[in-house]
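2 protein chains.
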Amino acid sequence: MSGDITRIHTGVPQHLDERFAHRAAMMKPSEIRSLFAVASRPDIVSLAGGMPNLTAFPMEMMAGVVEKLLLENGQEALQYGSGQGHPKLRTQICDVMALEGIHAHPDDVIVTTGSQQALDLISRIFIDPGDVVLVEAPSYVGALGTFHQYEAQVVHVAMDNDGLIPQALREAITSTRAAGRKIKFLYLIPNYQNPAGVLLTAERRTEILEICRSEAIFVIEDNPYGLLGFERPSPNAMRAEDSENVIYLGTFSKTIAPGLRVGWALVPQSLKEKMVIASESSILCPSNFTQLAISSYLSDQPWRDQIASFAQLYKVRRDAMLESLEKYFPKGATWTKPEGGFYVWVTLPPEIDTKALMPKAIVGKVAYVPGTAFYADGFGSWSMRLSYCYPSPEKIREGVKALGGVLATEMQLRGLN
Amino acid sequence: MSGDITRIHTGVPQHLDERFAHRAAMMKPSEIRSLFAVASRPDIVSLAGGMPNLTAFPMEMMAGVVEKLLLENGQEALQYGSGQGHPKLRTQICDVMALEGIHAHPDDVIVTTGSQQALDLISRIFIDPGDVVLVEAPSYVGALGTFHQYEAQVVHVAMDNDGLIPQALREAITSTRAAGRKIKFLYLIPNYQNPAGVLLTAERRTEILEICRSEAIFVIEDNPYGLLGFERPSPNAMRAEDSENVIYLGTFSKTIAPGLRVGWALVPQSLKEKMVIASESSILCPSNFTQLAISSYLSDQPWRDQIASFAQLYKVRRDAMLESLEKYFPKGATWTKPEGGFYVWVTLPPEIDTKALMPKAIVGKVAYVPGTAFYADGFGSWSMRLSYCYPSPEKIREGVKALGGVLATEMQLRGLN
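Top to bottom, those sequences are chains A and B.
Position one of the first sequence corresponds to residue 83 (this note's numbering), numbered consecutively onward.
Position one of the second sequence corresponds to residue 83 (this note's numbering), numbered consecutively onward.
It is worth saying that the hints were derived from the structure and are not from the lab.
All values reported here derive from a predicted model rather than from experimental measurement.
One or more hints might be untrue.
As the list makes no split between identical chains, a pair holds if one copy fits it or if it spans any two.
[Stated by the list, open to error] Each computed BS3-like pair below joins lysine-lysine, with the alpha-carbon atoms no more than 27 Å apart: (1) K419 with K477; (2) K150 with K419; (3) K354 with K110; (4) K442 with K477; (5) K264 with K110; (6) K110 with K170; (7) K354 with K483; (8) K397 with K442; (9) K483 with K397; (10) K483 with K419; (11) K447 with K437; (12) K110 with K150.
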């Protein structure tokens, strides 16, 4: 009996699964969940997580900001607020986006609980089960999870060191439509991509925008790392070139702090009302307290200098990682050279299964994220994401050295060097 | 051409609607949205909103709490946290629930962005388009909006002054199933219901739990006001009697402050994993900062006394409203007598359309919420919700007096008195 089988496999009461919505079948733990539990043990050097490094955060200043906020404006800060987000913060968000060439009106900004909530709202507005979403190959694991939960079919489009390849996009659109599927949007991270660490060139941005406009496919531009470039400013945001067909996602998680959970979406006017209504249905309103804390921080503090000092901190770690990779990783491994952001993407010989290798890495006291986590289709087994954002440069060197040893042993075992 | 018609009516580009998901058709502004804009004008006495009154909130103390939190534990408070919520706060939440007879384990608590997010997650897990959700008649407008967005069919079940009527529930289950529809859950607010202000008796709680258990229908117990009883403690929570079939929703929005956006769900073990995964897909994790602010407040401050002083503040306002209703409302109007919470539900002769009456009330400098907002089926046109939570007792008397005048005139016009 199927009911008995259900009970044996999942431990839930008989027939419980039948009481869920169809989409609930998609709500299963990801493969990297248990990994993160292990990777957070203090004896492991974790090159797995994407936590921003807050050691350079001006904590005393922020303590003063929030104290003052409650003393001077506590009745507003602790009350319900607007579903769309606080008007003052939305105006300041436009100033932040102007640094990347975007001219926006605060009316078109929706404040969200981190960018993740914006991804959820967009999925809710656009995705019917079976609809196609185009994403980079590889793509952000959190976005894949959300698209999956809305029962989208995810189609990966190839990238190289200059980001998403326009010709690959054209081919993906053609073949998807030839198969009779509906494409809802292209999701991409143009700056220092998660997980690949690459930057989409300015020329390709224009070309991709043209393709998507002419094919009536919305572009979701997710930009958490754009202000964290190491050598030079990032190219202008794609939204700077196209205000009608681009839905832009921003966040303060990497430029201020993630624990406040404040991000935003800048949307074409035609989408604004649906985004606000969807957000109200989801959370009623974002926190006035954390929004006004960020607003005060932006008003009173040298936030541009602060972002520059964060970027410097990450650059030192990026350098430590790239140097250690050169020094300790075996021949046959290649990796990206990020000019900003948090991540390096490593490609190994196809015989190496990075998920199967994880237990050996843990024994070697180092953790990473296996490449398959960033693909919806099982691809990526011989790649891995390494993060340099959180550990100290010393720990990064120690971790890369340990991982290089694990890899060298594995490759030797398989006669690969 | 339908494309042109779309453009004329909604201002969105041609064919845009076709690019949305099916559920996006449900994302329309509610009828009370524009009302709230008007009701917030300073010259209007608003008996419409449900904002907690924070005048008795210990603001200086809270300013000290958050300052200390950042100085002593800022690296954790401003970092990403657990998708399920901070373990320390989840333990404290169990202490709060114990006041209403609930014995719970922190492992079964999921922290959410207010109760609204819990409603969203539950809808996501349970509702396929066309599924039936049973709710009280009338019911909370924010819950109706979320169920609607998930394309549920909402069936209202009659209440009286003792809350939901068990026999009406039995009949609703029978007739819904006879029509071949699937019932996913019963949603109710047992304590000082929003909008009706009534309390579900202890006997009925038990009876309703028995009905739902035997019919395999989950009970969603939404309890924002349970600790805000005026005369005596509320009966035990329904969850105290049944840990397997009740999903309990709590929030700090009314007992501490809504601007922190911290609520929770206590769920049967079999649902825990899906709730966490759904929440991670929705917002990644709740704010460590606001969670730890509440945790510190609960640890260091006399929060039970504080809740008692909030209840006292609301009792004074409830008294002002009931006295004014007696004094100023015309014969033919009846209303509930809440023993806690924020709301009074007024029933008028069926000839009075409270939505159509709103402009006259606004001219009379008073606002309320028309009854139809609390029904999914167009019912409620001769009722209204009055809130006494936010205005001062003087303003409440002024508003009720003005509204009584508007009603008397209207009833006279229609030959009703």
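Those earlier numbered hints the structure runs against, lowest number first: Structure breaks hints 2, 7, 8, 12.
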